[in-house]
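Use the sequences and the hints to build the structure in full.
As a plain string of letters, each chain reads:
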Amino acid sequence: MTDLMIALLTAFAVWTGWRVFRVDSMVRASFALMLSFVAVGAIGVLLSAPYIGVATVFMMAVEMMVMAIFMVMFMMNPAGLNPMVMVHQHRLSIGAGIVAFIGLSAAVLLSPLPSNPVAADTDVVAQLGHELLGPSMLIFETAGVTLLATMVGAVILSSRQGRFGSADEGSRPPGLTEGGDPAGRQPEGGGGHGHHHHEGH
Amino acid sequence: MTALLTLAVLATLLGGTLFAVALDRAYLPLLALFTRQRVETEAPDRLNRDLAPAWYLALAAIGIAVVPFAPDLALIDSPVGIVIWGSCEALIVLTVFLHGWSPNAPFPLIGAYRYAAIGLPVMLPSMFVLIAAALPAESLSLVAIVDSQREVWNVIRQPLGLPLFMVVALAMTLRGPMDYADAADIATGTSAEDSGAGRAVWQIARLAMLVSVSAIAATVFLGGPLGPVLPGPVWLWLKTGALMALTVWIGNRVARTTPSRMLTILWVVLLPLSFLHLLISGLIAL
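Residue numbers (full-length UniProt numbering), protein chains in the order written: chain A, 1 to 201; chain B, 1 to 286.
Keep in mind the hints are simulated off the structure, nothing from the lab.
Be careful, since some hints might not be right.
Here are some chain B residues pointing at chain A (derived, C-beta under 7 Å) [claimed, not checked]:
hint, residue
1, Val-80
2, Val-83
3, Ile-84
4, Gly-86
5, Ser-87
6, Leu-91
7, Val-93
8, Leu-94
9, Trp-101
10, Ala-116
11, Ala-255
Calculated Cβ distances over 10 Å to all of chain B for the following chain A residues [what the hints assert, rightly or not]:
hint, residue
12, Ala-61
13, Ile-94
14, Gly-95
15, Pro-135
16, Val-145
17, Val-152
Computed from a prediction, not measured in an experiment: that's the story for all the values here.
Ideal Cβ positions, reconstructed from N, Cα and C, are used throughout, including at glycine.
Spelled out as structure tokens, the structure:
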């Protein structure tokens, strides 16, 4: 029964993973990727790793929500509903895909996998906690602090306010056609901002 | 036993939803919706538009399935019950976003983005509050958390917990001050283009979610099924009903501020407050 469930979940994870590259919008791609991870999380639960499995679902839901927002934010397709091609750099990606597949398959086939089932009354969550905050603490904390630094950096880079004024000051959107006029509102002649008293500097 | 428990969980969800309908005085509007025909938007994402209400309802069902109905009896008796509820919360934000994104129309999309912006920082205090409740139990299991409240309920031991969680409850049920998804100021936001049965199911799912989030709050802060004389499930129902009424009351009483100001409140006030709460709870649990 568990074997069948794992097989089905694996098939679902692969199918949704494939959908990531076939759908035509950033939002659909993010959430297809999330479904793939949810299936992997469910496999984790079936393999007696309840915390890792459920936490995967939790993390991926938040992460893909953030990813969808960020991708839409930095794309030219604000709603994410207009069709767009999701694949690029075909040769490089095919090569990278084949290398990754061979590498991971080799790792699965060559490494000795344990086959001793966990006893039903083992406190796996507590054991994981002791491992994470014991022998693996350095790796765990290093990854945590690195991620935090990345997040702070991303927020600072995407912030409009800055020490030297607005980040978008003097910036112009790209043209709608090649070499054409910039998209969006045209700046008015003669300084423009004279009548915006409420802006308050 | 499992079948009986499943039945009890479903009956609680149904009865609770009816109670929520009564609290909101929404019987007639909901019934009328089922008879209306559906209105189509241009080029919607049909799959997500049709499934978002079902997902919302399913998340409410999963949420109430992890709640213990007796001191050591839960339908999904997981060692990480509270993390399962956390996943439900994260998926709710996503479901509401998809519900607003899928019709391909302006007001729902505004509601979707507003809700995602508010929902993500709401997750953080929620997690800290739930982790704080797990500290005295020394376990992530909701059964163990109930068991840890035999002497004194978490609402007394961790006084900031329930007020912070009420903010989460309002956000998860799209209510009052935290309703940035379906608010009247953007023409009911993510449901602006909903019609007919789909609209009715979405509204019912909102009410069902009120039952689940209140049941979780009752379990984590009010000792869930613990109490004298009456059997466990009755205590759980009473506490859940009281919290539902409180949530509806706050939702009707407290005004909603602008999303930008609410973001400041969430990041600058509620998040540090939840850190403080976790610190105090940790020190007490030691």
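Each hint, compared with the structure:
| no. | hint | result |
| --- | --- | --- |
| 1 | Val-80 | holds (5 Å) |
| 2 | Val-83 | holds (5 Å) |
| 3 | Ile-84 | holds (5 Å) |
| 4 | Gly-86 | holds (5 Å) |
| 5 | Ser-87 | holds (4 Å) |
| 6 | Leu-91 | holds (5 Å) |
| 7 | Val-93 | holds (6 Å) |
| 8 | Leu-94 | holds (5 Å) |
| 9 | Trp-101 | holds (6 Å) |
| 10 | Ala-116 | holds (6 Å) |
| 11 | Ala-255 | violated (24 Å) |
| 12 | Ala-61 | violated (4 Å) |
| 13 | Ile-94 | holds (29 Å) |
| 14 | Gly-95 | holds (33 Å) |
| 15 | Pro-135 | holds (21 Å) |
| 16 | Val-145 | holds (17 Å) |
| 17 | Val-152 | holds (13 Å) |
The earlier numbered hints that this structure contradicts are 11, 12.
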